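S.K.: First to last, the sequence lines map onto chains A and B.
Numbers in our numbering are just positions in the first sequence, counted from 1, shifted up by 323.
Numbers in our numbering are just positions in the second sequence, counted from 1, shifted up by 1274.
These aren't lab readings, by the way, just hints derived from the structure by calculation.
Since the model is a prediction, treat every value here as computed from it, not as a measurement.
Take the hints with a grain of salt, since some may be wrong.
[Claimed, not checked] List time: in silico DSS-like cross-link candidates among lysine-lysine, alpha-carbon distance up to 25 Å:
| no. | chain 1 | residue 1 | chain 2 | residue 2 |
| --- | --- | --- | --- | --- |
| 1 | B | 1525 | B | 1498 |
| 2 | B | 1515 | A | 376 |
| 3 | B | 1434 | B | 1451 |
| 4 | A | 376 | B | 1399 |
| 5 | B | 1344 | B | 1360 |
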Amino acid sequence: MTSPSIALKDERRPVSFAVLATALTLCIVLLFFISMAAGPVSVSFLQILASLKGEDQALVTIIIEQIRLPRAILAVTVGATLGLAGAALQGLLRNPLAEPGLIGVSGCAALGSVIMFYTGATAVFALALPLGGIAGALIAVAAIYGLAGRESSILTLVLAGVAVNAFAGALTTLALSLSPNPYAAFEIFFWLLGSLADRSLTHVYLSLPLMAIGWILLLTMGRALDALTLGEDTARSLGFNLGRVQAQVIIGTALAVGAAVAVSGVIGFVGLVVPHLLRPLVGYQPGRLLPISALGGALLTLAADIAVRYVMNGPELKLGVLTALIGAPFFLYLVLQTRKALR
Amino acid sequence: MVRVLRFGIIVLALALAAPITSDAAKPQRIASLNVCTDQLVIALAERSRIATVTFLAPNPDTSFYYREAKGLPINRGAAEEVLALKPDLIVAGTYTTPATTALLKKLGHRVELFDPDDSLKRMRKNIRRMALLLGESEKAEQLISNMDRRLAAVVQAGMKQQPVAVIFRANGFTMGKHSLINDILTLAGFRHLSAEMAMDQAGFLPLEKMIAADPALIIFGQYKPNHPSIAHQLLEHPALKSLLASRAGGKSRDSIIIPSNLWNCGGPFIAEAVEMLARKHKTLSRAGVSP
């Protein structure tokens, strides 16, 4: 009924999984170093290597280790989360438009983090930030599941996402407006459009362990999602407990996306674009798509995060602006494709 | 001829009478629509003559005379609030409430606009102009000479070295060459980083660039961590702590908090900011900071 069945008709030969994974990983390593070299202060690759080896170079080391390194790490981890969560949600819901940003999971994660951060809860208990994000994400996935259901049409899911996003956005704006800190109201841009500027290693420590648990929960779902492409009954007859599969994908998504959004804000469309571009290369198998999408998401986010540093002077362009500029036309294209396929 | 003579006599009489009548002509219902004009009005006029000040005036973050402002009627810069008070003089900033001041002027009110204090020179000019409008020139001269005595004492204390200082606020906002803060830093014996980076009035200094420029003194504003923001979180970035702790180049680095109500607006109180900075200058010089 939906696009995976159309997708299976495609006869292109998949690229070898190992080759694809290696190529993506090499690109990530390359961009990681470029990301470390990119910024208002010029830093050479030699200085980066020396700093990472621990040879003291005084002030440059501070810039490399405490400003650029956390930024590059977060681009990889947040990007991987978004790519992976997009692929997992598309597999579970068997819906090509399922994406953490579009269906409101990221928006609700931002709301949860905003409440924790601006009420001062994170000042008392640092982990409140990612936990707030995770709680928000969990509520969103559950709400979407309740609103649209797992057998929903593509349209129902997207519309439910619009509603959840609008509600989360309004509450986030309200929460920020109520803050006595005059800067808070302007920070709506950070939360709704995302940024990795001036994040620190603290944000890495806060988010990475929780994201990693989410990744493990999602990456181990490969075979279940493969089975699901054959229909729920077949998957059940193959021995998969569908209730458990759903719960694991939902909790994994909430953990990973909630922790990611808590430190980066909402970076949209990565989870939509990446799985779609890579799906043909893994022979349309959701199981294989999971790790490949994670790598692709990391790569796209790293690239976008390097680009935002060069767009304008002063405060940087928000990362989500760039991913939306790429992702929104892509979304429209997908909508047109889906309509054609449904006809 | 007689008429001309009579006119001349009247003019002469008015001129002679002016100093005597000026007290009665002093504005008695002063409305201020800008936090910086608030400061000057509170410093110069008796409390009973102040009809309204801005909502920022009783706030210690933005206003030096926050105690004096408590209990005065406040406004948020809307024409309605001001009109209801029937003011005989309205003072406001050039840029802050343009729509309101234009409307009040159109309705026939006396509106006097003040340029922002972007230098010590402009600040003195603004104080004297406000004093003239309020009929308090004598008081103003007294305040200015008190301030000048304090400033002269700081300069006399002698400063051979000129360490680099930078003001670093939420989001990395900093002031440039044409700013009151630049003049204050110069007076206290510092070179001013963002001015040397050819920043004109104000702008954003990326954290990386600030660290690379390696100032001897980082000046923060006062910040209440119980109302957090990402903008303020930048001021707690571990990279800043590492910079301040670094002994690279055999240099020591330091930071200071100057409450923003001491120098966001111009007024006699800026002497306190200059003195705080001068004290810091002394300890830095003793610690052997190379310029």
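S.K.: Hint by hint, note whether the structure agrees.
M.R.: Cross-check of the supplied hints:
no. : hint            : in the structure
1   : B:1525 x B:1498 : violated (30 Å)
2   : B:1515 x A:376  : holds (21 Å)
3   : B:1434 x B:1451 : holds (22 Å)
4   : A:376 x B:1399  : violated (57 Å)
5   : B:1344 x B:1360 : holds (21 Å)
The structure is inconsistent with the numbered hints 1 and 4, although it conforms to all the rest.
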